[in-house]
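Novice: Listed below are the residues making up each chain.
4 protein chains.
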Amino acid sequence: MLYFNCDYTEGAHPRILERMLNTNLEQTVGYGEDQYCEQARALIRKECGRQDVDVHFLVGGTQANFTVIRSALRPHQGVISAVTGHINGHETGAVEATGHKVLALPCGPEGKLTAAQVEETVKNHWSDETHEHQVQPKMVYISHPTENGALYTLAELEALSSACKKYGLYLFLDGARLGYGLTAQGTDVTIAHLARLCDVFYIGGTKCGALFGEAVVIVNQDLKPDFRYAIKQNGGMLAKGRLLGIQFLTLFEDGLYYEICRAANQQAYRIAHACREAGFPFFAESITNQQFPVFPNRLLEKLGQNYLYSTWAKVDENHTAIRLCTSWATKEEAVNQLIAHIQELGKEL
Amino acid sequence: MLYFNCDYTEGAHPRILERMLNTNLEQTVGYGEDQYCEQARALIRKECGRQDVDVHFLVGGTQANFTVIRSALRPHQGVISAVTGHINGHETGAVEATGHKVLALPCGPEGKLTAAQVEETVKNHWSDETHEHQVQPKMVYISHPTENGALYTLAELEALSSACKKYGLYLFLDGARLGYGLTAQGTDVTIAHLARLCDVFYIGGTKCGALFGEAVVIVNQDLKPDFRYAIKQNGGMLAKGRLLGIQFLTLFEDGLYYEICRAANQQAYRIAHACREAGFPFFAESITNQQFPVFPNRLLEKLGQNYLYSTWAKVDENHTAIRLCTSWATKEEAVNQLIAHIQELGKEL
Amino acid sequence: MLYFNCDYTEGAHPRILERMLNTNLEQTVGYGEDQYCEQARALIRKECGRQDVDVHFLVGGTQANFTVIRSALRPHQGVISAVTGHINGHETGAVEATGHKVLALPCGPEGKLTAAQVEETVKNHWSDETHEHQVQPKMVYISHPTENGALYTLAELEALSSACKKYGLYLFLDGARLGYGLTAQGTDVTIAHLARLCDVFYIGGTKCGALFGEAVVIVNQDLKPDFRYAIKQNGGMLAKGRLLGIQFLTLFEDGLYYEICRAANQQAYRIAHACREAGFPFFAESITNQQFPVFPNRLLEKLGQNYLYSTWAKVDENHTAIRLCTSWATKEEAVNQLIAHIQELGKEL
Amino acid sequence: MLYFNCDYTEGAHPRILERMLNTNLEQTVGYGEDQYCEQARALIRKECGRQDVDVHFLVGGTQANFTVIRSALRPHQGVISAVTGHINGHETGAVEATGHKVLALPCGPEGKLTAAQVEETVKNHWSDETHEHQVQPKMVYISHPTENGALYTLAELEALSSACKKYGLYLFLDGARLGYGLTAQGTDVTIAHLARLCDVFYIGGTKCGALFGEAVVIVNQDLKPDFRYAIKQNGGMLAKGRLLGIQFLTLFEDGLYYEICRAANQQAYRIAHACREAGFPFFAESITNQQFPVFPNRLLEKLGQNYLYSTWAKVDENHTAIRLCTSWATKEEAVNQLIAHIQELGKEL
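Residue numbers (my numbering), protein chains in the order written: chain A, 170 to 518; chain B, 170 to 518; chain C, 170 to 518; chain D, 170 to 518.
The set of hints was computed from the structure by calculation and includes no laboratory data. In this text, all values refer to a predicted model and were calculated from it rather than measured experimentally.
Which copy? The list can't say, so a pair holds if one copy fits it or any two copies do.
Keeping only pairs whose Cα atoms sit at most 20 Å apart, straight-line, the calculated EDC-like set for lysine to aspartate or glutamate is:
1) K471 <-> E486
2) K215 <-> E202
3) K334 <-> D221
4) K516 <-> E470
5) K483 <-> E279
6) K334 <-> E288
7) K483 <-> E298
8) K393 <-> E301
9) K335 <-> D395
10) K483 <-> E289
11) K292 <-> E486
12) K292 <-> D485
13) K471 <-> D485
14) K215 <-> E422
15) K500 <-> E195
16) K292 <-> D395
17) K483 <-> E288
The following block holds chain A by itself, in its conformation from the complex:
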C-alpha cells in the first residue's frame, strides 16, 4: 500500500533527525529560550525581511490557531473565516472552545475569502442598530494554501490587508502548508510579503518536512505582549523547546524548506497531469501538493486496493472527490506507479 492520503505519513526530513541526534546530549534551557530557537528566530526574521517581528514555536496547527485567536480577541469578538476554513470544520470547535465565534462566510471551491466579503461583513455589523447583540468581527482568518490547495495572489492579499486595516481587523494567515504555497508554480507571494501584510501568520513545519512544529510570526505590536503566557496556558509550550528550534533552523538555514516543498509540488503536478490526461475532472483547482480529482465511485474501490487517499467530498450519487497528497518524502517511483494506475483506470471511464 502506498500512502497519498496526506502529507504527514512519514517522519521528518533526514537532516532534521540527524541534527537532533547530533545535539541530543547538549544541555540547554527549556521552553524555547535556548540558542537553537534563537538561531531559528533569526533565520525567520531574515525571511521576513524585518527584525521587528516576534517569532514563537508551537507544536501543532490547531494549537497555533486557537492560541493566536484567543490571545488576540476580546470575548465578544469573532473571527471571519471561509466556511471551508480549517478552524471552522476540522478542529473540533477549538476556537469556540476558547469562547469565540467563527463567522463563517461562503466561498467557492478554492476556499478563499475576498476583501469585498470582509468589507461587507464589517459594514453590515456596524450598520445594524442592534450590533451589540451580535458578535463583533475583529479578525480575518485565511489559509494559504487554502484547505483546497488554492493560493492567494499578492494583489488579493494586499486587498485583504487593506480592508482589515481600514476597519481595524487583524489579518491572520494559517500557513500550515505554507512551503507548498511559496514554491508553487506562478505564485508571487513570499514570506516577506506576509510579514508586511499580515498582523500574524505562521510557517508550517508539521506538513512541510518537520516532525512537528509551527513558527508563529507576530507582526502587529498590539498582539505581541504576553504571548508566551498564552502558549503556556494553552498547552503549547514544549519543555524541550529546542526540538522546535532545531527543526526550523535546519529548514531555513540553507533553503531546505523551499527545496523539499518545491519537489513535492512537482510530484503533485505530475499526478494532476495524469488525472487530467486520463479524463478525471477536478473538484478544485490546486497548484500545490494537494490534488482533488473526482473519481467514479466504482473506480475508487480499485484505486484503494493499492493506494491510500482521503475522501474529500461527495460530488453526486456516483462520484466522489478525493485528495491525493505529496510531501518531501514522496518517492518518484511511487508517483510513477500511481500515475500508471490512474492511466489504467482512465480507460474504464
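Here the structure of chain A is known, so what remains is to put chains B, C and D in place on it, guided by the hints.
Specialist: Frame of chain A; chains B, C and D shown alone:
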C-alpha cells in the same frame, strides 16, 4: 409616536404589578425557594400534564439559552440551530462564549428546522472518518414561534423529537414568545405536548406580559442534576427570586397568559390583514404577534413619522421587510390608527 | 417568624414600586437606552462628581462581577481577591467559568486587602523567572462593605489605588451593599472618592432597596469600549431596561438611597449593642447593616424558633458565628422584639 | 556550566532517537492510530495489569492536565489540589482557562493531600445550605511524585481512592515524573496499583527519557467516551502520532523506563547525601530525582558559577531552597564534580 417595534415596550400586565405591590412587604427566603415560586412551579407542572419535570425561573432569554446549553453539553459537543436561530445571530455569541459551537443549518424564511436536516447532520458527522476533528452534534435548538413568527405543527415536533431520540440528541425549545404560539389560529401544539416531546424548553415571560422572566422546564432526567449551580454560575439566580414566582403564578393561575397572548395575536392579524389588503407582500408568513410586511423604502419614511417599527431585512435595493409587533399592552385604538395609515400608504404603491 | 437572615427578604422600597406602576403603560425603547436609564445615569454621574464615567445597569451582583472581570482581562490574567471575597467563594466559580483565576490572598476577619499585599503579589509574580507559567495579576477586587461588613478607610482605598496604578492593575470595587457603607458611622468614603480611585465599581441596588439591579460605573477609559456587548453576551441585558433606570432614578433623585441605608444601619447598631450588652462576642467588627455575633449552639436553637438568621462560621465545637441583617424594610418593632429576645438569651450565657 | 536545574535539559534517550531514525521513512496513518501507538498501548495495558483501560498519548503535561480535567468535569465542578499542585501554580491558570476552579487545599512541604482533607472538603460543601453558590468538588488531583519530590504510600493512595469513591469524586494522578516515583527507594506503588486506584492518571515521558509525551490512562468507564475529541479540541492531537507511540514502545518494551529513572534516582541520592554531609538542610524530603537543599544566599552565587539550579523558595532573608535535578542523561562524572563543590561550600557554612 406609537411603538410597534417589539413586544417589550411597556412594563407588565397590571395584575402582575398589583400582586408585587400586595406582597411587597412579606418576608420570604431568596433564590427561588419561596412559596410563590413553588406555587408557580405547581401551576406549570399542571400545564405540562406531568409532575416529574423540574421548573426553574431565570431572568431573560439569552441567559436561559446559554445556561441550558452549557449545562447540557460536554465541551466537544455543539448545538444544531437554524441559521436564523436567536442563539446564532442575536445573542453576541453567548453560546460560543460558553465554549460550544452553534451548528447553523440553512432554513427557509419561516426559520424552521426539519427532522430530515437533523438526521442528515448527525449521519454525516458519524460517517466521517475524522469525526473527532469536528464538533459532535448533541442538541437541537428550535424556537417556537421562530424568530420569524412561524410555528411548528405537532407532527413536525414529533418528527424532530423522534429524530433526536433516535440519535441521542437533546431537543431544546426556546419559547421566548411561546404564549403567542400556543394561542395562534390553527396551532395544534400545547405545553403538554412540549413536555412530552422536548428534553428541555422554556415558557417565555418577558415578551408575554411579565416584567421579565423565563420558566425553564427540564423533562429529561439527565439534564436535571445541579441545574441550580448552573443558574448561579451564569448569573441567573435572582436574589429576590419570588419576583419570578409571583409573575408566573399570576400568568398561569387562571389563564391570563393565554388570554393576553391570544388578544395580541388578534391585533396582529388585523394588521396583517390590512397590509395584505393594501397590497403589501410579506417577507415570512406568521400567525403570531410578529408580522413582517415588505414596504418600499420611500413609504417607510412616512410610516416612521408616527410609528416605530423594526427593520428586519433588506429585500432589494428599494424594498425592506419590517417587523410590526403587538403585545398584551397593544391598544385597539392604536391598531386602528396604524391600519388607517397602512391603507393610506397602500394607495401610493 | 421574623427574618434577619439577609437584606433581600422583602420586595422594593414602596416608592420604587409606585413609580413602576405609574410608568407601566408608557412605551419606551428597550435594553437600557430609554429616558429613565438616561436620567438615572445623569444622577449617578452627579454623585461621582464627574461626567466622564460610563454607567451601565445590570440585574445582579454575580453577573456584574464576572461581566466586568471578563471584559477587562486577557485570558492569562487573574484577579486578586481576599480569600473571603464574594467572587472567591460565593458565586459558584463564575469568574473561573469565564476563564480567569481568582488569586486569593489571606485576610483577617474583616475581609480586607492591603496595598502591601497587592504590591507583594505583583512583585513576586514579575520577579519569578517562570512568571509566564503563572497567572498574571491584573486586577484587584475588593468589596465595600466587605462580606463581613467592614469598610475601607479613604486612606486605605487611596493606598490600594496607588499600588494598582503603580503596577498597572485595575481596581474593581464591588458595592453590592455600598449604601450601607456610605452611610455607616464614621466612614469617610463617598461615591465621588470611588469615582476617583477605582477603575470600575458598582453601586448595589438589590440589597439596598431595589427589586434588583446594580449600577456599574466605568472610570478607566480602557475599560469602556464595547461593554454593552459584554452585558449582552453574559446575559445581563434586560429587555425592559427601563426597570433598572426607574429604580436607580428613584433611589438617587432625592437621597432615598442614603436615607434607607442609614436607617438600616441604625437598626443594626441597636442589635449589635444588644448583643454586646448581653455578653455575646463578635466574629468580625462591622459598622454596617450586617452583624456577626457569636452564639453558643445551645442558644441558637432557641433563637431560631422565632428569628431567621444566617449561619456564618463555626467558631468552635460549641459556638457559631451568625449573621443578622437589617434593610430598608426592617421594622423598628421587629428589632425591639429581637433585642428583647437577645437580652433573654444573654441571661443563659 | 553543568545543568542540574531540571530534568529536561537534554533530548531523549538514544534508543528512542535511534528508533525514530529507523522508522522515519515508513508510512503510517496519523493521529495516534498507527501500529506503534497500538503496540505502546498494549505494553502500557500490561503494566496496568488490565486490558480494560484506554490509553491516549499527549504531547505535554499541562496539556494532559487540562484536557483530562475539562473532559471529566461539568462546568460548575472543580478539582481539589494541594496548594503546591502543578495545576494550581505552574500552568498559567490553564485549568481555570477551561472554566474550572482549582480548589486549593493547604499542604506540608511534601505537597501531599490526605484522604481526611478530601473528605472534609466534600462534607463541608454538601452541608452548606448555599452549596449551589459554591464550586462543587468533583475531582481530586494529586501528583506522584509531588512537585516537591515526595511520594504517596500505597496505603495513602488507597485511602484517597476510597474517599473519592465514597463521595463520587474522580481521582486523577499526574505522573509527569512517575518513573522516578516507581523506582524510588522504599516505594510500594506500581503502575498496576494506579490502574486499580485512580480513575485516570498519566505516565510521564517528557521528564523521564522521552523527547516529549505523556501517556494518559483512563480507567473509569465514565471518562472514556469521546476523549479523542477532547484531545483534538485542546490542541493535543499530534499529526504524526506515531512519534509518541515509538517513544513509549521503546520505554516499556524491556524496562528502559524503570532502568533510566532508577539510575537518575541513584545520582540524586548521592547529591542529597553530599548536601546532608556537608551540613545543608532540606526544604522538603525527597526520595526521587529532585532534591531541595537550602543554601545560604552568599554560597549560591558561588554554586551558580558552574552549576545551573532552580530557585525553589525563599526560606528567610538569608537562605534559599534550590532544586537540583538528575535525569537519564546525568553523567556520573558531572555529579562527582557537583558533590566535590558542595563539599567545598559546606566548609564555608
